[in-house]
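Trainee: Please work from the sequences and hints to get the whole structure.
First to last, the sequence lines map onto chains A and B.
Numbering-wise, the first sequence is residues 0 to 405 according to numbering that gives the first Met the number 0.
Numbering-wise, the second sequence is residues 0 to 348 according to numbering that gives the first Met the number 0.
Hints are computed from structural coordinates only; laboratory data are not their basis.
Far from chain B, some chain A residues (derived; all Cβ distances over 12 Å):
#	residue
1	256
2	304
3	395
Sample of chain A residues at the chain B side, in silico, Cβ under 7 Å:
#	residue
4	46
5	83
6	86
7	87
8	88
9	89
10	92
11	96
12	97
13	101
14	114
15	117
16	183
17	184
Glycine included, C-beta positions come from ideal geometry on N, C-alpha and C.
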Amino acid sequence: MHLTKRSLVLLLALGAVALAGAGGVAAQTVVGVTATEIKVGNTNPYSGPASAYGTIGKAIGAYFKKVNDEGGVNGRKITYITYDDAYTPPKTVEMVRRLVEQDQVALLFQTLGTPPNSAIHKYVNQQKVPHLFLATGATKWNDPQHFPWTMGYQPNYQTEGRIYAQYVLKNVPDAKVGILYQNDDYGKDYLKGFEDGLGEAAKKLIVLKQSYEVTDPTIDSQIVNLKQSGANVFFNITIPKFAVQAIKKSHDIGWKPLHFLNNVSSSLGTVLKPAGLDASKGLITALYMKEITDPQWKNDKGYQDWVAWMKKYYPEGALDDQSNAFGYNVAILMVHVLKQCGNDLSRENIMRQAANLKNVELPLLLPGIKINTGPTDFAPIEQEQLAKFDGERWAIFGELVDASKK
Amino acid sequence: MDHEGGAAATAAKARVARAAGEREATRAGGYLGVGALVLALAIACALPFTMSGFRLFQFTQVFTYAIALLGLNILTGYNGQISIGHGAFYAVGAYTTAIMIDKWDIAYGWTIPTAGLICLVVGFLFGRPALRLEGLYLALATFSLALAVPQILKYFEHWTGGSQGIVLSKPKAPFGMRLTEDQWLYFLTLAVTVVLFVLAYNLLRGRTGRAIVAIRDNHIAAEAMGINNSLYKSVVFGVSAAYTGIAGALSALAIAFVAPDSFNIFLSITLLTGIVIGGLATISGAIFGALFIQFVPNWAQDISKAAPWAIFGVFLILCMYVMPNGIAGFLRLVWIRMTRPAVPRGEVR
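Mentor: Here's what the structure looks like:
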């Protein structure tokens, strides 16, 4: 073979492309990844006031153990490093810096709580570390333009508020709405979503708003006020302790509005049973996960797989704690992203793949809910479904509501 | 008779000799102490150029804690007023800095003395009525302060950002100094720490210091000697709060975020743990205590993920058994043992 001028040019061009390609690869940052290992970092409150959530961090570790036992992700084992931050932001900053600078993790996953994540938000984006699927319902994690390395997970409170508003507009012609909300960001996030959802009609439809402080002993007087306002729709934005009181009190004084209960307090075991199943009849909430204590999922494959996994990998975890289902579900999503990365586990590609999820379904999400993300959409779960309590269980009704489509 | 007199004379002579020896030892100890201090400072200044940003951040935290512990120690160790609410002043200091930077764009340098000043006033005013309370009752009153402050912070949402808190930017090194943000913060904190420690040393070793201690040891006797107990006590409360507030301000800069969850009751208890472990009524104890509360919980977590606080508890109990006077007290004891002139065998003490 003799070299013609043309083939020489071709060869040079190929070489240039190869060099450019190599240059492109070199610009990627690969940290925390070897041929046999991917390091994933996490913080959770294993101690302190929010330690009940700590079981999420443990469940995630137990799921990664299962993945590793089955050969890992593309031949790499997941090394899961999780530290206790006791739900205090300064400790979160310290632990996350330890994970990023000392342990050199590839990414941060499911760091828990709104204040702890707020404390590290800027830092991880300056360091360009993927900060994925945070365990908090705040709305601000979906901001790819300003924080391209941070992505939320669960539907946010505003989304849910809008869903109830849409239902009211569509189905209650002469609505007079009374609202009870907790006077903090959580309560106000819900309230904003609901009022935005009502739009122009909000001023006319809402007849009374009552708030309470999380430290109040009871909310009985607020319920009485709401009844006297003549409201026939009640949006109940309360955490479990007060949800129980609100359901009981309105039942006792004979107030029977169309009662929306926020998802935060939808647990059968910790809210509806203590409030009384009879008093809870007719409540409406929005769900995105299968409620694991709900008998309707007994024969569901996703539920049964979860129980089998719990028994084998996390036997000390409680089978009636929804948090264990939550951790399992989100860990599956994490592994899905890592698999989708293939052999390119640079931080850039991990982020690119997390923002490139197409119709992903998780075993403990409600049937039909699909996770979709994109370069401008960092809100993975945006669908929820309304459910009515029939005295025994949450009966899902209507269609999946997609809050991303307004 | 003669024999007895001779024995007494010998004993007296021995006592004089021993006293001289101890003075000598104290002086030698003084030189050595200064030497150790200079060495420690030299090491502290060299650290930023040998350590990672994360480690520097941890040591910045240590100095911040040390300032707060010194403040609490002046109150509890020297003056005998127990406070389990100093986290509240830490929070007030941190929020002063955060609000001044976030709302009014004031240069962070000004916010540190302001935080101290505000806490001085708040501490003095709180100390005034709290004077009527003694011991455990005062402890309870301060406890309520620690419980209340995080909630009060949520109430003034317009200023404090509610439970979402306030996000800040880390200060950059001034005058074109080629330091990273971590290095600069470290030096800033170190400098503030040194200044405040020198001030505390001067305050405590003179007349004022003796008065403060006298009130602790016997307040009636102190009063009889002409010390204005109530004024002293409230001023000490104010100074103590000011120290803790400055620590809070520095921590707000280092963490670059404040939220009510950062200042829960556990912080106050941690501070109290720190001064007891470090050594009550010692200045160096603040440094040892700070090292302890910064690093031991992390070690505990490395030893056992399942029960880190149980491990921490074991550490605490061990410390209290082995070093009942805290780390500073223990080191002092070791020092005295090592430098004490040999005592003749069988000598009557």
